[in-house]
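Engineer: Single-letter residue listing:
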Amino acid sequence: MDPLYIGLIAIGTMLLLIALSIPVAFSIFIVAIVGLWYLGGMPLMLGTIEGLPYQFASQYGFVVIPMFILMGAFAEISGITKDFYTFFYRVLGRVRGGLLMVTTLSSAGFAAISGSTMVNAVVFTRIALPQMMAFGYNKAIAAGCIAAAGTFAALIPPSIMMVVYALLTGQSIGTLLVAGIVPGLLTAGAYLIAIWVMVTIRPSIAPVPTERFSLQDKLRSFYSIWPFVLLAVIVIGGIYSGAMFPSSAGAVGAVGAFLIMLMRGWLRKDMPSMGKIGGAMQSAAMTTAVLFLVIIAGLMLSRLFVYSGFVDEIVWYIEGLGVSPLTVMLVIMLMYIILGCFMDTISMVVVTVPFVFPVVTSLGFDPIWFGVIVIKLVEIGVLTPPIGLNLFAVLSASDGRVQPTDLFKGVAPFLVVEVIILGLLLAFPAIVMWLPDLMRS
Amino acid sequence: EEYPRMNLRVAHSFPAGWAQTDVDQWWADQIRERSGGRIRVTMMWAGAGGEPMEILRLVRSGAVDMGAVPPSYFPNELPLTSAPNALPLTFESNEAASRVIEGLVQDVPAIRDELRQNNIWPLFFHTLNTYQPLCTKPVRNLDDWQGLRVRTFGAWQPYLWDSLGAVGVNVMTAEKYEGLQRGRIDCGFFSTDLYAQTRLYEVAKYLSDFGFGPQPTWPIWVNYERWHNDMPENVKALIMEVSDEARERSLQALADVQESSLQRMLDAGVEVVEFEQPDELRARAPDFRALWLENMQREGRGEAAQQVLDYWMEHGDI
Amino acid sequence: MGLRVGPALAGPTHQSDKGGLMTFVFQLMDTGIKRLARLFMILASVLLAIMALIGTADVLSLNLLGRPVPSATELSAAMLSITVMMGMSYTQRQRAHISVNLFWRFFPHPLRVFAEGLALFIGLCVFALITWGAWELAQHSLNIRERAVASVRFPLWPIKLVFWMGALVCALEILRELVRFLFCGDRAAVAGADPVADTGSLEQKG
Ligand code: NA
Ligand code: NA
Chain A
181 MDPLYIGLIA IGTMLLLIAL SIPVAFSIFI VAIVGLWYLG GMPLMLGTIE GLPYQFASQY
241 GFVVIPMFIL MGAFAEISGI TKDFYTFFYR VLGRVRGGLL MVTTLSSAGF AAISGSTMVN
301 AVVFTRIALP QMMAFGYNKA IAAGCIAAAG TFAALIPPSI MMVVYALLTG QSIGTLLVAG
361 IVPGLLTAGA YLIAIWVMVT IRPSIAPVPT ERFSLQDKLR SFYSIWPFVL LAVIVIGGIY
421 SGAMFPSSAG AVGAVGAFLI MLMRGWLRKD MPSMGKIGGA MQSAAMTTAV LFLVIIAGLM
481 LSRLFVYSGF VDEIVWYIEG LGVSPLTVML VIMLMYIILG CFMDTISMVV VTVPFVFPVV
541 TSLGFDPIWF GVIVIKLVEI GVLTPPIGLN LFAVLSASDG RVQPTDLFKG VAPFLVVEVI
601 ILGLLLAFPA IVMWLPDLMR S
Chain B
4 EEYPRMNLRV AHSFPAGWAQ TDVDQWWADQ IRERSGGRIR VTMMWAGAGG EPMEILRLVR
64 SGAVDMGAVP PSYFPNELPL TSAPNALPLT FESNEAASRV IEGLVQDVPA IRDELRQNNI
124 WPLFFHTLNT YQPLCTKPVR NLDDWQGLRV RTFGAWQPYL WDSLGAVGVN VMTAEKYEGL
184 QRGRIDCGFF STDLYAQTRL YEVAKYLSDF GFGPQPTWPI WVNYERWHND MPENVKALIM
244 EVSDEARERS LQALADVQES SLQRMLDAGV EVVEFEQPDE LRARAPDFRA LWLENMQREG
304 RGEAAQQVLD YWMEHGDI
Chain C
2 MGLRVGPALA GPTHQSDKGG LMTFVFQLMD TGIKRLARLF MILASVLLAI MALIGTADVL
62 SLNLLGRPVP SATELSAAML SITVMMGMSY TQRQRAHISV NLFWRFFPHP LRVFAEGLAL
122 FIGLCVFALI TWGAWELAQH SLNIRERAVA SVRFPLWPIK LVFWMGALVC ALEILRELVR
182 FLFCGDRAAV AGADPVADTG SLEQKG
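Protein chains in written order, with our numbering: chain A, 181 to 621; chain B, 4 to 321; chain C, 2 to 207.
The set of hints was computed from the structure by calculation and includes no laboratory data.
C-beta atoms are modelled at their ideal positions from N, C-alpha and C, and glycine is treated no differently.
One or more of the hints may lead you astray.
[Unchecked claim] The calculated label-pair distances, taken between Cβ atoms and stated as ranges, are:
no., chain 1, residue 1, chain 2, residue 2, range
1, A, Asp492, C, Ala129, 26 to 36 Å
2, A, Asp492, C, Gly33, 29 to 39 Å
3, A, Gly500, B, Asp290, 36 to 46 Å
4, A, Leu439, B, Asp165, 30 to 40 Å
5, A, Val413, C, Leu65, 13 to 23 Å
6, B, Gln28, C, Pro156, 49 to 59 Å
7, B, Arg37, A, Gly500, 22 to 32 Å
8, A, Leu366, B, Asp259, 38 to 48 Å
9, C, Gly33, B, Gly40, 17 to 27 Å
Turn these sequences into a full structure, and let the hints steer you where they fit.
Structural biologist: Listed below in C-alpha cells is the structure:
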C-alpha cells in the first residue's frame with residue numbers, strides 16, 4: 181500500500197477512536213501496533229513492543245519531566261504560589277482589569293519554576309479564579325485568561341516541551357531554553373495590552389475593587405514572596421551559573437521546593453500535613469504515568485510512520501512542491517494548528533517533529549528558532565477545542581464553575597494574540613535568536 | 004545476473020553526515036545500483052528505526068533486516084566482541100583496529116559462538132579515529148589531569164579517569180556543548196571529526212595531542228540465521244563484495260576527515276597542546292586488556308577471553 | 002447464559018449472583034488488585050522522591066566534593082522506568098488517562114455501551130502486549146544477569162522484573178474492569194465515562 185495511505189488511514193482511525201472517548205494513549209497505541217504488524221509482521225510488532233516502552237521510560241533525559249512535576253506539586257501545596265499572587269494583587273488590584281494582569285504576570289513568574297502548562301493552568305484556576313469571580317469579573321474572560329497564561333510555562337524555561345523537542349532533534353537543551361525567554365516575555369506583554377484593550381472596550385468585564393491596600397500591606401506581601409524568589413533563583417541560577425545541568429535542575433528544584441515548603445511552614449506555623457505532602461507526591465506520580473503512556477504511544481506511532489515510509493513521502497511531497505520556504509513554513513504552521521485541535525501536545529510534537537524537522541532544516545530554517553515556533557504552535561494547540569489540555573485543566577480544576585462554551589469564548593481573544601505573536605516571530609526571527617546568539621558569541 | 008526484489012531496512016544508531024555514516028549510505032546505494040535496482044536498502048538514521056539499545060534485539064528477532072550499533076553498548080550480551088570496541092589505549096592505528104575485529108570474527112571460535120548465540124552477524128566494521136581530550140584549559144602533564152572533569156561513557160573509561168586522578172562526568176549528548184561552555188565539564192572526549200560534527204571546538208580551545216587510540220566500532224549487523232541459511236547466494240556475494248569495499252573506504256574516509264577536521268578546528272582558533280608525559284600516562288593507566296581478562300575470569304569466561312586476547316596480541320599493534 | 006454486553010443484563014445478573022461464587026471471585030479480584038495498585042502507586046511516589054534526592058546529591062557532590070555520585074544518572078534513569086510503570090494500574094483505576102469525552106453527550110445508548118467496551122478491550126490488548134514484551138525483556142535480562150553499563154555496574158534485571166510487574170498489574174486491573182463490564186454491567190468500573198454527563202442515564206435506559 182502507498183505509504184501516504186497507510187499514514188492517513190492510521191491518523192483517521194486514531195482520531196475516530198479518540199472521538200469515541202477511548203483514552204488517547206490507547207487509541208494511538210493500538211493503531212501503531214496494528215500498523216507495525218501490517219508492515220513487518222509479528223517480528224516487527226513484537227520486537228518494537230518488547231524494546232520501545234522500557235527504552236524510552238528509562239532515558240535519563242526524561243527524568244527531568246517528573247522532577248519538574250514534583251517541584252510544581254510541592255510549590256503549590258506550600259502556598260508560595262498563592263503568596264506570589266497576593267503580592268501582585270495588592271500592587272495592581274486597583275487598576276481596571278488588574279486581576280487579569282496579575283494572573284498573567286503571576287503565571288509568567290510561575291512559569292520560571294514550572295515546566296508544564298497544565299500545572300500552571302490548574303494552579304491558577306485554584307488561586308485566581310475564585311478571587312476574580314468574587315470581584316465580579318467576567319467568568320469566561322477570567323477562565324480564558326488563566327488557560328491562556330498557563331501556556332507561558334512551555335516558553336519560559338524550564339519547559340518540558342522544550343526538553344522533548346531537544347531530545348527528538350538533538351538540539352542543545354540550554355540554547356533552546358534561552359531562546360524561549362524573549363518570546364515568552366513578549367507574549368506576556370502582548371497579553372497585558374490585549375487585556376487593557378478588552379477592559380477599555382467593555383469595562384463591565386472587570387469591575388474595579390473597592391479594597392485599598394496601604395504601602396505597608398504591599399511591602400509586607402512583598403516580603404512574603406521570598407520563598408518563591410528563592411526557588412526560582414535556585415533553579416534558574418543553578419542552570420545559568422554552571423552549577424548544574426538543566427537535566428538535573430528538576431531534581432534540585434523538587435528538593436528545593438520541599439525544603440522551602442518546610443521552612444515556610446515552620447516560620448508561619450502552617451506546616452502542610454503528611455497526608456497533603458503524600459497526596460502531592462502521588463499526584464505527581466500519577467501525572468508522570470499519564471504523560472509517559474502518551475509519550476510512549478506517540479513514539480510507537482512515529483516508529484510506524486518511519487517504517488511505512490510516510491515520513492519520507494511527506495518530506496518528498498513538500499520538497500517536490502517547489503514552493504518557497506516561507507510557503508512551506510506557513511503550510512506546516514497550518515498543519516500544526518489543525519493537528520492541535522485534535523491531538524494532545526506531547527504526542528503531537530513527538531509524532532510530527534521527527535518528519536517535519538528534516539524538511540524545515542533542509543529549507544534553511546534555524547532548528548532553535550523552529551523549536552520556539554513549535555512550542556508556540558503547541559501552546560495554541562492546548563487552547564483550541566475540542567482537545568485542549570489547558571482547557572481541560574481549567575475545567576477540571578474549576579469544579580463545575582466554568583462551562584466549556586464559556587471557556588471557548590473566553591480564550592478566543594487570547595488565541596488572536598497568539599496568532600499575531602506567531603506572525604511576529606516569523607517576520608522577525610531575531611526576536612527568538614537574539615539571546616541564544618548573544619550566549620553563543 | 005538476476006537478483007530477487009528485496010527491500011532491506013537498516014536501523015541505524017547514528018545520524019547521516021559522519022565520515023562512517025556517509026560510507027554506510029554509499030554502501031546502501033552501491034547494493035541498489037549493482038543489483039540493477041532490485042535490492043533496495045533503506046537507512047533509518049539516528050534511532051528513527053529503533054533506539055540504539057533496541058537495535059540488537061530488533062536484528063536478532065528479525066524485526067529489521069539490518070542494524071548499526073556499536074557492540075560496546077552490549078557488554079552483557081557481547082562480552083567478547085565488545086572488548087576491542089570498549090577498551091582504551093589498545094590500538095595505534097585504525098588499520099590494526101579493523102584487522103583485529105574482523106579477524107576475531109573470522110578466526111576465533113569463541114567470538115563466533117557469541118555471535119551465533121545472539122543470532123547476529125557483522126558484515127563489516129567501522130573504526131573510530133583516536134580519541135583526544137578537547138579541554139577548556141591546556142593539559143600539559145599528569146598534574147594538569149588532577150581533578151579535571153571529563154565527559155565519560157560506559158563501564159571502562161571510569162577506570163582511566165580514576166587512574167589519572169580525573170573525574171568522569173556523565174553528560175547527555177545534547178548538554179555537552181553548554182556543559183563545556185559553563186564549566187560543568189573541562190574536557191570532551193571524542194575524535195577530532197566528532198568534535199567538528201558537534202561543534203564543541205567553539206567552546207573548548209585546547210586539543211591535547213595525546214591520543215587514547217583508535218578503536219573498532221559499529222558494524223552493519225544482520226540476522227545470523229537469515230544470513231547463513233535464507234539469503235540467496237548471489238545476494239550474499241553482492242553484499243559481501245560491497246562490504247569489503249566499504250571497509251576500505253571507511254578507513255580512507257577516516258584518515259581524510261582526521262586531517263580536514265583538525266584543520267577546521269585550527270582555523271577556528273583551537274590550539275594543539277603537547278602532552279609532555281605520554282609514557283608516564285600510559286604507565287599510570289591500567290592495562291585494560293589484563294583488567295578485562297581478570298573480570299572475565301571472575302565471571303567464569305576466562306578461557307574464551309584468553310582466546311580473544313591471544314589473537315588480539317598477535318595481530319594488533321600494541 | 003451467553004456473553005452479552007453488560008448494561009442490558011445489569012440488574013438481574015448482578016442480583017442472581019449475589020452471594021454466589023462469581024461474586025466471591027469478583028470481590029477477591031477487586032480487593033487484591035486494588036491493594037496492589039495502591040501499593041505500587043505509593044512505591045512510585047516514594048521512588049520519585051528518591052530520584053529527586055539522588056539528582057540533588059549528584060549536583061551537590063560535583064560542586065562541593067568535585068566528583069559526581071557514581072552511576073547516579075544511570076540509576077535515576079532505571080528508576081524512572083519502574084516509577085512510570087508502577088503508577089499505571091492506579092492511574093487506570095482512577096480514570097486519569099487522558100481521553101476526550103466531548104462527543105459523549107451526543108452518543109446514543111448503544112454507542113456508549115460499545116465505546117465503553119471497546120475502550121476496555123483496546124486497553125487490555127495494549128497492556129497485555131506491553132506485559133508480554135516486558136516479560137520477554139525481564140527474562141532475557143535475568144538469564145544474562147544483566148548489569149548497567151556504568152562505573153558502578155548495578156544489576157538491571159530486578160528493575161526489569163519490577164517494570165514487568167507494573168505492567169502486569171495494570172493489565173489485570175483492565176481485565177477486572179472488563180470482566181465487571183461484561184458480567185455485571187458495572188458502570189463505575191468502566192473507562193471512558195464522562196464525569197460531566199449525567200451518569201444516571203445509562204442505568205435508567207439499561
Ligand atoms: Na516554564
Ligand atoms: Na487543541
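Engineer: Now, for every hint given, state plainly whether the structure supports it.
Structural biologist: Status of each hint after checking the structure:
| no. | hint | verdict |
| --- | --- | --- |
| 1 | A:Asp492 x C:Ala129: 26 to 36 Å | 32 Å, holds |
| 2 | A:Asp492 x C:Gly33: 29 to 39 Å | 49 Å, violated |
| 3 | A:Gly500 x B:Asp290: 36 to 46 Å | 58 Å, violated |
| 4 | A:Leu439 x B:Asp165: 30 to 40 Å | 33 Å, holds |
| 5 | A:Val413 x C:Leu65: 13 to 23 Å | 18 Å, holds |
| 6 | B:Gln28 x C:Pro156: 49 to 59 Å | 39 Å, violated |
| 7 | B:Arg37 x A:Gly500: 22 to 32 Å | 28 Å, holds |
| 8 | A:Leu366 x B:Asp259: 38 to 48 Å | 46 Å, holds |
| 9 | C:Gly33 x B:Gly40: 17 to 27 Å | 60 Å, violated |
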